[in-house]
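Novice: Chain by chain, the residues:
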Amino acid sequence: MTGEKIIFLIIAGVTLFSGFMVVTSSNLVHAALWLVAALFGVAMVFALLNAGFIAVVQVVVYIGAIAILFIFAIMLTRREQLDHGVQVNKNWWVGALVAVASFAGLVFLLQSFNGFSKTALAIPSGFDAVNQLGDALTSPAGYVLPFEVASVLLLAALVGAVYLAFNKK
Amino acid sequence: MNFWSDPLKVAADWLTGILVGWGMNAVVAHILLAFLGILMLASILMVLDIFLVWLERKVVARFQDRLGPNRVGPFGLIQPFADIIKLLIKEDTTPDGADRVVYNIAPLLSMMSVLILWAIVPLAPVLLGVDLNSGALFLIAAGAIGTLSIIMAGWASNNKFSVIGAFRQVAVMVSFEIPMLAVLLIPTIFAGSMGMNTIIQKQDIWYFLLSPLGALIFLIAAIAELGRAPFDLAEGESELVAGYNTEYSGMKFGMFYAGELLHAFTFGGFWAILFFGGYRFFGLEKVSPFLSIAIILFKALIGYWIIMWIKYTMMRIRIDQMLAFNWKFLTPIAFVLVMVTALMNALLRDASSWLYITGMILSNIILGWVSLEIARLVSKKERERVEGLKQPALSKAEGVVEAHH
Amino acid sequence: MIPLSWYLILAAALFSIGLYGVLARRNAVAILLGVELMLNAVNINLVAFWRYGDVAQMAGQVFAIIVFAVAAAEVAVGLALVISVYRRRNTVIAEELDILKW
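These protein sequence lines map, in sequence, to chains U, A and G.
Just so we're aligned, residue 1075 is where the first sequence starts under my numbering, counting upward by one.
Just so we're aligned, residue 3 is where the second sequence starts under my numbering, counting upward by one.
Just so we're aligned, residue 1079 is where the third sequence starts under my numbering, counting upward by one.
Just chain U, same shape as in the assembly:
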């Protein structure tokens, strides 16, 4: 067991525990804060995968924007009795069953994938992932069209969110 594996196991444990707390804690603000912990864990997984840029973007977008938005929304839609009542619907055991089944099914399917246990090659020296990513996002031979479509989607979401949440009075 190398140091890298130990670090991975710690991060994965923290992430999965936080994720579990997100779906089980009865106080919704706590659930959102656990979500922050889980997102931070995922950012560390990205860093472990040598994708430092994606890790930083994960923190900026998910923790800086999405988690804060969630906390705001929870505070705006909070009713006192919600924190103490039952948080799961009456078919929660079906959900648990489906989740366990999907996990088992995914692992079963993945085992038949022939690259399942391959290890990564070392990153060639002088390889700058940020430069490559920038080129890929903006060059016509790369992914400029999906990138533009994503920006249009963001604009549409911006307008839509303002229209929906605007208090018409």
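If you are wondering where the hints come from, they were derived from the structure by calculation, not from laboratory data.
There could be a bad hint or two in this list.
[Said to hold, decoys possible] Okay, the calculated bits of chain G under chain U, using three or more residues with CB under 8 Å as the criterion:
hint : stretch
1    : 1084-1093
2    : 1141-1152
3    : 1156-1163
[Unchecked claim] EDC-like mimics (lysine to aspartate or glutamate), calculated; alpha carbons at most 16 Å apart, straight line:
hint : chain 1 : residue 1 : chain 2 : residue 2
4    : U       : K1164     : G       : E1173
5    : U       : K1164     : G       : E1174
6    : U       : K1192     : G       : D1132
7    : A       : K162      : A       : E241
8    : A       : K60       : A       : D98
From the three backbone atoms N, C-alpha and C, an ideal C-beta is built for every residue, glycine too.
We have chain U; now place chains A and G onto it with these hints.
Specialist: This is chains A and G only, laid out in the frame that chain U set:
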């Protein structure tokens, strides 16, 4: 290679030699040394923070025509230690109904969001934590953690003033992040990299001279991010007691307070790195890394002094004015500035350096002038509208006075 | 070195946890929290396949960035809907929002 040209590496090699000599695994020794380095940097910053308290109090005293702390020690230098002892022996209160864990984590996160910024600050060409190639984004990411700590503090305190203060501060931080992120792209365009060290290395001419407007927008956004006057409505004492840290006492309050001061100093440092050449000063940085540290700390202090100057000169503005200022004025300018800078950079890349500099400065000045003119026109219209609303009310009041007579 | 399987199993577990949250929670905001976990699990897979494949092919990272954008859009519209519903019906419990069911 000797101690004076690369102190960090020499010290690390020496310590690794000792640890491996004791029979320690090389990897474990490396991790241990990394932790030691983090601990050392954090401790030095905390000690620096103590003196920042003294500095801030002295400077504000001068601005307000007072003497400031001058009783304890020479020039009152021991005063902050007395303050710390006072904070430590104060009662550590937790309000009823507070969310204890979140309430106690928030000050730690606030301090951490500041200290983590120093991981990417290059103190000298060879003295830096990491040369992250997404350094500019890292600045925003650390700000996100600061935002989180404020909303946690506000919510966990179980106090309406705390929540209102936290809401205001978060609204301000989230919205001022946008012009800041846009302006951070300007040094990135000039240097061709987001890494702080690369930005300094490529900065043969201060980026302030290439993009004065960008530097100004960064400073404004940084002050808003810090929550200092004129943007300190998160702790507007006249309406919110103290905002998100109302319920905190003792050292937990001290963490917020010290975190804010160090944050201001840190942003002074980033202003220096991004727009004023960081540790470079006419080749002096090549003499010794220790001289580089002195240069960057001096530049950071100047930035910090400007932030203090603005704080103690300007008055607080209203939250709606502030958000309108950001969304209707600062953000559009920042975006247009990024586009203009990118365009000019692409057009003038192969031109001589004098043409490049002149073109950049001219585009900045023209853009600043045009936006000020537009703002002047809009505010004139707004003033006329407000005057028009007032006029009938005034004449009615006069009519009442007439009737009374 | 860590084999690819570890990342894939982590992502599968996180996805399943998110799925449980979506299926079992009553509060609409909590359901969206579960969706976020699922999107993150997908992102782990995308970046892991980038790292364990040919690193010069940036498709994995590009798709991860696009997932970020989609997640931000989804949250903005989703939470706006939740707040809008809360204003009209004064509840965010998913099973109480049943006026289409007679």
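Novice: Taking each numbered hint in turn, which are not upheld by the structure, reported in ascending numerical order?
Specialist: Those not satisfied come down to hint 8.
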